[in-house]
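All residue numbers for the sequence shown refer to the working numbering, where the first residue is -17 and numbers rise by one.
Simulated from the structure, these hints should not be mistaken for lab results.
Note that the Cβ used here is the ideal one computed from N, Cα and C, for glycine as well.
Warning: the hint list may mix true and false statements.
Cβ pair distances, simulated, as ranges [as the list claims (entries may be wrong)]: (1) Lys62 - Glu30: 18 to 24 angstroms; (2) Lys62 - Lys100: 14 to 20 angstroms; (3) Leu21 - Asp106: 33 to 39 angstroms; (4) Asp17 - Pro98: 41 to 47 angstroms; (5) Asp17 - Lys95: 38 to 44 angstroms; (6) Asp17 - Asn93: 23 to 29 angstroms.
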Amino acid sequence: MKIYKKYSLHNLIMPLCTNGISAGFPSPAEDNLEDIIDLNKHLIKNKEATFFGRAEGDSMIGAGIGNGDLLVIDKSLRPKHQNIAVCFLDGEFTVKRIRIEKEMIWLVAENEKYQPIKVSRENDFVIWGIVTHCIKNL
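All chains, please: the whole structure from these sequences, using the hints.
Okay, here's the thing in structure tokens:
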């Protein structure tokens, strides 16, 4: 996983369709462009602790995270059971769902091809940040 740090944020203000976008019959688009959205304010809650990373592989496909997706990662959030987290495990970054059981942590893929990883005291392990958003290419 490649991690990107944004050193300066600029307002990214775009038109916003406030009435929703029909997945059924089309509606006139120009009639619905009533507002604006600043994507930085929407996606980034703590700019000093927010990083971006590209997902690699298919281990989180069941959570909607695919190969090449851009992840928004907040290092200021406290990890909780069932969060999707970017973890540093034995010298490598990985993104997995964290499962906390008593005093044990498991890293769980969202793809049946991959077995859960039990984190032990022998591992070099850090929960590096919590994934808050996934931006997909279609």
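Here is how each hint holds up against the structure:
1. Lys62 - Glu30: 18 to 24 angstroms: holds, 21 angstroms
2. Lys62 - Lys100: 14 to 20 angstroms: Given a distance of about 19 angstroms, which is inside 14 to 20 angstroms, the answer is holds.
3. Leu21 - Asp106: 33 to 39 angstroms: About 35 angstroms separates the Cβ atoms of Leu21 and Asp106, which means 33 to 39 angstroms holds.
4. Asp17 - Pro98: 41 to 47 angstroms: holds, 43 angstroms
5. Asp17 - Lys95: 38 to 44 angstroms: Because 42 angstroms falls inside the window, the suggested range holds.
6. Asp17 - Asn93: 23 to 29 angstroms: violated, 38 angstroms
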